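Same order as they appear, the protein sequences are chains A and B.
The first sequence begins at 110 in my numbering and counts up by one.
The second sequence begins at 187 in my numbering and counts up by one.
Since the hints were made in silico from the structure, they are not lab data.
Treat the hints with care, as some may be off.
Stated by the list, open to error - Each computed BS3-like pair below joins lysine-lysine, with the alpha-carbon atoms no more than 27 Å apart:
| id | chain 1 | residue 1 | chain 2 | residue 2 |
| --- | --- | --- | --- | --- |
| 1 | A | K199 | A | K215 |
| 2 | A | K143 | A | K212 |
| 3 | A | K221 | A | K199 |
| 4 | A | K212 | B | K448 |
| 5 | A | K165 | A | K143 |
| 6 | B | K416 | A | K215 |
Claimed, not checked - Quick partial rundown of chain B residues pointing at chain A, CB under 10 Å, derived from the structure:
| id | residue |
| --- | --- |
| 7 | F320 |
| 8 | D392 |
| 9 | A426 |
These figures come from a predicted structure and were not determined experimentally.
Even glycine gets a Cβ: it sits at the ideal position worked out from N, Cα and C.
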Amino acid sequence: MSKPLCWSSLAWILGLAVWVPSHAQDLSFALTIKDHRFEPSELQVPAGKRFTLVVKNLDPTAEEFESHDLKLEKVIPGRREASLTVRPLKPGTYEFVGEFHQKTAKGRIVAK
Amino acid sequence: MLATAVIVLREVLEAALVVSIVLAATRGVVGRGAWVSYGIVAGTLGALVVAAFADVLSAAASGLGQEIFNATVLFIAVAMLGWHNVWMTRHGREMAANLKSVGTAVRVGDKPLYALSIVVTMAILREGSELVLFLYGIASAGPGQTTELAGGFALGMAAGLMLAVGMYFGLLRVPAKHLFTVTGWLILLLAAGMAGQGAAYLVQADILPPLGETIWDSSYLLPDDSVIGKLMHTLVGYTARPYGIQLGFYAVTLAVVLVLTKITHGSTRRPAA
């Protein structure tokens, strides 16, 4: 292994060791999918805070929650819910869609 | 119908390209058709099973089943692709020599066809299960959806197939001497990209740290969900907003496979010297 490679892999390992997941996240926001629409379609969240996004799918069929802005994608089977961890966001607007019903299932998260 | 077709295309694109690259990489090998077919059949059946048990999978590992499953499927594919490349450094030259004598298929008994067969299975399994859920959703919306479903599916599949066939015949235009070098690089990049994507799933599951939330943002140039973005994603691992650790997995995969092929190459040459 070359020297720079050695150093970079060392840096990765150290990075892993230093990173301690802070699972103390009391902050939680909920979204509901019904008739292939998100409710609410706009969610206000505080910027710079980690939170859990709970997405409840009330439809009988699956939906894929997808957001390139938040870098999240998860299939939520019909009549199930899924939790997603959102790491601290910079202030701004983050769009998300239900990939299986993009015409109607749209929404955004506004971090302030 | 077009919107459905685009989603179908996006989901089948990766598998289609993987199959065409695998077919090019096994050119002239007896029995490759059968192995690739096994891979396709196993992947399709697997996708149906995964879709049917989607709620079990999602609930597994305290809700992180999906992420862990996707990452595992990707890492298995990475290992098989890497193994193929290492194997090829040893046997690529004889295979290329055989190819040049036109029309003779070679029986390279121990060419790890099963490895590439597994790669095909993994490629279909992951996105195939999403496709099944998507189509099932349309189908259950009512009997009026048949045109939408059949038309969108046929159109998207046809487009994916055309891309794959184009890629395959494009690769066959590469002179026999260089074909396996080219497919070797394609497979290497495929593997690195999959490793990066696997890492991204583990970041989403909060198992790996992102080590840099957004290293660059090229989403305004080439968004991830465009067909070209998806194409580049499969071929070279393109991501519009990569995590640091994604780039790390990409680089480490490249380095490890290259180093392993170097070592193998060295050890096969030494006796001749």
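Going through the hints against the structure:
Annotation: proposed proximity of K199 of chain A to K215 of chain A holds, straight-line Cα distance about 21 Å (limit 27 Å). A hinted pair counts as satisfied when its Cα atoms are at most 27 Å apart, and K143 of chain A with K212 of chain A qualifies at roughly 14 Å. The suggested pairing of K221 of chain A with K199 of chain A holds, with an alpha-carbon distance near 8 Å, which does not exceed 27 Å. For the suggested pair K212 of chain A and K448 of chain B, the alpha carbons sit about 50 Å apart, so the restraint of at most 27 Å is broken.
Taking the CA atoms of K165 of chain A and K143 of chain A, the gap is near 9 Å; set against the 27 Å cutoff, the hint holds. Of the pairs offered as hints, the one joining K416 of chain B and K215 of chain A holds, with about 21 Å between alpha carbons and a cut-off of 27 Å not exceeded. At a threshold of 10 Å, the smallest CB-CB gap from F320 of chain B to chain A is about 5 Å, leaving the interface hint in force. With its C-beta approaching chain A no nearer than about 5 Å, D392 of chain B sits inside the 10 Å limit, and its interface hint holds.
Proximity of A426 of chain B to chain A holds as hinted, the smallest CB-CB distance being about 7 Å (cut-off 10 Å).
The structure does not agree with numbered hint 4 stated previously, though it agrees with all others.
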